[in-house]
Amino acid sequence: MPVKTAFIKLEDSCDSRRQMTTLRFLSDVGVIPAKAGIDCGIARAADKWIPAFSGMTKLAAVSGLLLLALSQPVSAGERGSDRQILHVLDRLAFGPTAQDVDHVNAVGIDRYVAEQLDPASIPEPPELSERLAALDTLKLDPVQLFAEYGPLRAVDGVKPSPDEQKVRRQRSRIILQQAQEARILRALYSPRQLQEVMVDFWYNHFNVFAGKALDHLWIGAYEQEALRPHALGKFRDLLGAVAHHPAMLFYLDNVQNAAPGSKGPNGREAGLNENYARELMELHTLGVDGGYTQDDVIALARILTGWGLVPPNSLPEKGSGFGFYPARHEQGSKHFLGQDIAANGEAEGEQALDMLAKSPATAHHIASELAQYFVTDNPPIALIDRLAGRFTETDGDIREVLKTLFASREFSDSIGGKYKTPYRFVLSAVRAAGVPVKNPKPLLAAMARLGQPLYGCPTPDGYRDTEDAWLSPDASMLRVNFAAALADRKLPVGPEAPAPDDSPVVRASVTADESIDATPLEKLLAPVLTSSTRTALAAAPAELRAAMILGSPGFMRR
Amino acid sequence: MLPLGGSAWAAASDGGPKRLVVVMLRGAVDGLNVVVPYGEEAYYTARPTIAIAKPGTDNGGVALDDHFALHPALAGLTPLWQAKQLAFVHAAGSPDPTRSHFDAQLFIENGTPGRHATADGWMNRLLAALPGPHSPTSAVAVGPTLPEILRGRVAVANLPLGPAAGSALVIDRPEIAGVFDRLYVGNDPMARAWQQGRAARAELIAELPEPEAPAENGAPPPNNLLAQAKRLAGLISRDRNIRLAFLSLGGWDTHVRQGNDKGQLADRLRPFGDGLAAFAQALGRDWDDTIVVVLSEFGRTVKENGDGGTDHGHGNVVWVLGGGVRGGRVYGDWPGLAPAALYEGRDLAVTTDYRSVLAAVIGRHLRLPDRALTQIFPSFAPPHSDLDRIVA
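For the record, the sequence lines run as chains A and B.
Note that this note's numbering has the first sequence beginning at 1, numbered continuously upward.
Note that this note's numbering has the second sequence beginning at 1001, numbered continuously upward.
None of these hints come from the bench; they were simulated from the model.
Please note: incorrect hints may appear among the correct ones.
[Unchecked claim] With a cut-off of at most 20 Å between alpha-carbon atoms, the simulated DMTMM-like pairs for lysine to aspartate or glutamate come out as follows:
(1) A:Lys234 x A:Asp377
(2) A:Lys358 x A:Glu369
(3) A:Lys212 x B:Asp1267
(4) A:Lys212 x A:Asp237
(5) A:Lys403 x A:Glu393
(6) A:Lys358 x A:Asp340
(7) A:Lys490 x B:Asp1274
(8) A:Lys358 x A:Asp397
(9) A:Lys234 x A:Asp395
(10) B:Lys1230 x B:Asp1172
(11) A:Lys358 x A:Glu269
(12) B:Lys1303 x A:Asp295
(13) A:Lys166 x B:Asp1274
(14) A:Lys234 x A:Asp385
(15) A:Lys490 x B:Asp1267
(16) B:Lys1303 x A:Asp237
(17) B:Lys1018 x B:Asp1267
(18) B:Lys1084 x B:Asp1388
[Said to hold, decoys possible] Some chain B residues well away from chain A (every beta-carbon gap over 10 Å; in silico):
(19) Leu1159
(20) Ala1227
(21) Val1294
For every residue, glycine included, the Cβ atom is placed at its ideal position computed from N, Cα and C.
Bound conformation, chain A alone:
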């Protein structure tokens, strides 16, 4: 079953009827003038923090007011303390913005969590939709991407020259650039923050490396088609979407996995390839201690023979690119995880995915990863057991597991307990500072220099999310350097100064007239600053204060 693409969702969210309903209501209650505009770019700069995204800022703010207007006023107790609000925004979102804090203040933490668990209920700002719509490769499915950007094929027996192939390869780089830009824009500006946080989580759980041969064609489509639609859905759907996607089939070599003695996808004699089968159990489902054996790895590889890609010489006009090829599928029954699987072609694979998704080992594995990601590097067994129990009870309903997690004492008690990954550090700094981003390349370069290039993890285990993995002497230097550059507006994220593709290090000088205003930043982040940071800030020169806040120990954690 092909999944609905997130692109279509975006169009849905820009649905003018919903926009108009919202706007009409807002004008009715007098929040904005009735004639402020019915199109997607309604509001003018109202907040000097995010001038480039003033429209969305306003929309986010007014949607908060809207919810406030619809519900009973929230008491101080329900609202949560300032520190608790930042805690929730540091975990369910990529860190606080001034607007998010206002919104949570208005609706209360419980309401905010409920909204985030239901991303479809949150309209996406038209500015974001417009910017995403401009990224045209995101509109293509895997077959179209291959046809448009994949290696050139011989025409009438004439092979393309190496130079022609090289030009073609260079042209295809736009796909990765646009996928990266889309990811960064959504992470910075989508009000569906938890969805984007879960995209980060699942991408690392089901990692695919853009640098593996053809995978640079498909990583964006993979994220949009296989991961984002199921980020808060049923685990079995997510697992199935990943297992059928060209990006994963190619990355872990299952396209090459064929019955011994059969003809492989390229017509040559082929045989088993264990790569995907092993990682499917070790990383995607059961976990390394999940009780499978080498014989199970081989059995699963046999079950998955024939799961591959439509061959380039018979491409349809469009499509997912997945194909099941019975001639490559190993005949006969298989014995997998203690069960006999009757010979049944492609359905054997579905049966195996069902078994893996239902296994208590998988529930435990996913539960412990979620607890580590959202709570603490070494989560307590009791919490993992509770989450795993919820996973099993709800047949792998990720939304329900997260609901249990966010309501847990362990979650609310874990304030500041996580060290930010480079990805989160960079995103949270830009969000807090409110620096408008037209050109995300300097942010991508900073992530890469800190060891976490986006879509650039070569190994299938993805990036880790622990302090051990990221805290290092070099990282400490570079994070502070990034904070200083950002605070001084020396990061060339504006439209006028595009950064070179691979500028690896951000250099900056600090000057008083350029640096961002530290006063609202200090107000926003005060609850995470330590007392010694506050003391040092009081004595520091004004032009260094914003850098100090973004480079402070408190801001390195979440």
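Using the hints, position chain B against chain A.
This is chain B only, laid out in the frame that chain A set:
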């Protein structure tokens, strides 16, 4: 502080400190195609399309002895072999049976196969055991993050060695760094990382070369293995405090079409071998005091799989290079590739624990006593073997 220490250390040879460089090939390099058992027909039977041809034939391996040959893409290392500064230990590896990359790498790095919970890496424990004063750059990990192998209580430095390694940063300005020094006081992990970063940077910034400018045609400066090897050699030569260095290289997980004398594996091995040779040459006289050990988490299946690749296996080959190595020979007990000799019927068996190789190098080259070795590799007693003589 005892009066021996630094000066006694330095006096051990002609004034240069003894160095150990560890290279981890992440992803499990195919050791049977690195040091090829060309004397065994079983090797050729198991690998109809990916075997390295016998020495003396077209595209054949480089003969090391009458049984083993080097992958032809590693021909750049033959001068070191001939100078007896390069040795291999075959059928070496971890006693743990896992075929998970990630567990196996952890066990190589923490030095306690089968045990996840070990809190530090064996190179950090080694650093703690080294006599003499420690400097912020006594141990350096090449790269933007700290690997497991160097994690632990003793301060270490890390830095990537790309073309921009020597670039000035805004925090190099004392008035700015000073402000942050006041934010990172104390002894918590973040404060320690900051203090270590500052101390290491103060030392390294003087030793790092100027950032390399783009070539005249605007091409970026090279960031390949060869360039990084030369930068590391330059850094080690200038910074006399560096005793331990670690770097890792990925891309060895060749499940599909790994090739033989040409192809993916050859394309990865060639720059690596050339980089090691360039590293040795760039060190000059310091090469006499340096040993490089190359490890990988496990080996790969003896038989090629259905796709001209190899899957996860067990035993592998460990490389040992240095001016003071008794090289020019392949160490270890070769179990052979007969079906009955294979681990679980499919993989090269492990007859030498990787820790035996490291213990021999650490004990002889870095001159640490046995009791230090038991701290570095707890619950491990290396058996006496030929390896006792691998370091001159």
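Results of checking the hints against the structure:
Between lysine 234 (chain A) and aspartate 377 (chain A) the alpha-carbon distance is near 25 Å, which puts this suggested pair outside the 20 Å criterion. Annotation: proposed proximity of lysine 358 (chain A) to glutamate 369 (chain A) holds, straight-line Cα distance about 17 Å (limit 20 Å). For the hint linking lysine 212 (chain A) to aspartate 1267 (chain B), the alpha-carbon distance of about 15 Å falls within 20 Å, and the restraint holds. For the given pair, lysine 212 (chain A) sits about 25 Å from aspartate 237 (chain A) by alpha-carbon distance, which is inconsistent with the 20 Å threshold.
Distance hint between lysine 403 (chain A) and glutamate 393 (chain A) is fulfilled; the C-alpha atoms sit about 13 Å from each other, no more than 20 Å. Proximity of lysine 358 (chain A) to aspartate 340 (chain A) is assessed by CA-CA distance (about 17 Å); at most 20 Å being required, the pair is judged to hold. For the hint pairing lysine 490 (chain A) with aspartate 1274 (chain B), the CA-to-CA distance comes to about 40 Å; that exceeds 20 Å, so the pair is violated. Distance check on the hinted pair: lysine 358 (chain A) and aspartate 397 (chain A) sit about 11 Å apart at the alpha-carbon level, within 20 Å; holds.
The straight-line distance between the Cα atoms of lysine 234 (chain A) and aspartate 395 (chain A) is roughly 7 Å, inside the 20 Å bound, and the hint therefore holds. For a cut-off of 20 Å, the pair hint linking lysine 1230 (chain B) to aspartate 1172 (chain B) is broken: about 25 Å separates their Cα positions. For the hint pairing lysine 358 (chain A) with glutamate 269 (chain A), the CA-to-CA distance comes to about 35 Å; that exceeds 20 Å, so the pair is violated. Proposed proximity of lysine 1303 (chain B) and aspartate 295 (chain A) is supported: the alpha carbons are some 16 Å apart, at most 20 Å.
Distance restraint check for lysine 166 (chain A) and aspartate 1274 (chain B): the Cα-Cα separation of roughly 26 Å exceeds the 20 Å cut-off, and the hinted pair is therefore not satisfied. Restraint check for lysine 234 (chain A) and aspartate 385 (chain A): the C-alpha separation of about 19 Å stays at or below 20 Å, so the hint holds. Proposed proximity of lysine 490 (chain A) and aspartate 1267 (chain B) is contradicted: the alpha carbons are some 40 Å apart, above 20 Å. At most 20 Å may separate the alpha-carbon atoms for a hinted pair to count; lysine 1303 (chain B) and aspartate 237 (chain A) exceed this at roughly 36 Å.
The straight-line distance between the Cα atoms of lysine 1018 (chain B) and aspartate 1267 (chain B) is roughly 32 Å, outside the 20 Å bound, and the hint therefore fails. Our distance criterion of 20 Å between C-alpha atoms is met by lysine 1084 (chain B) and aspartate 1388 (chain B), whose separation comes to about 16 Å. Separation of leucine 1159 (chain B) from chain A is inadequate, the least Cβ-Cβ distance of about 5 Å not exceeding the 10 Å criterion. Every C-beta of chain A lies more than 10 Å from that of alanine 1227 (chain B), the closest at about 14 Å, which supports listing it as non-interface.
Every beta carbon of chain A lies more than 10 Å from that of valine 1294 (chain B), the smallest distance being close to 19 Å; the non-interface claim holds.
Hint check: violations occur at hints 1, 4, 7, 10, 11, 13, 15, 16, 17, 19; the rest are consistent with the structure.
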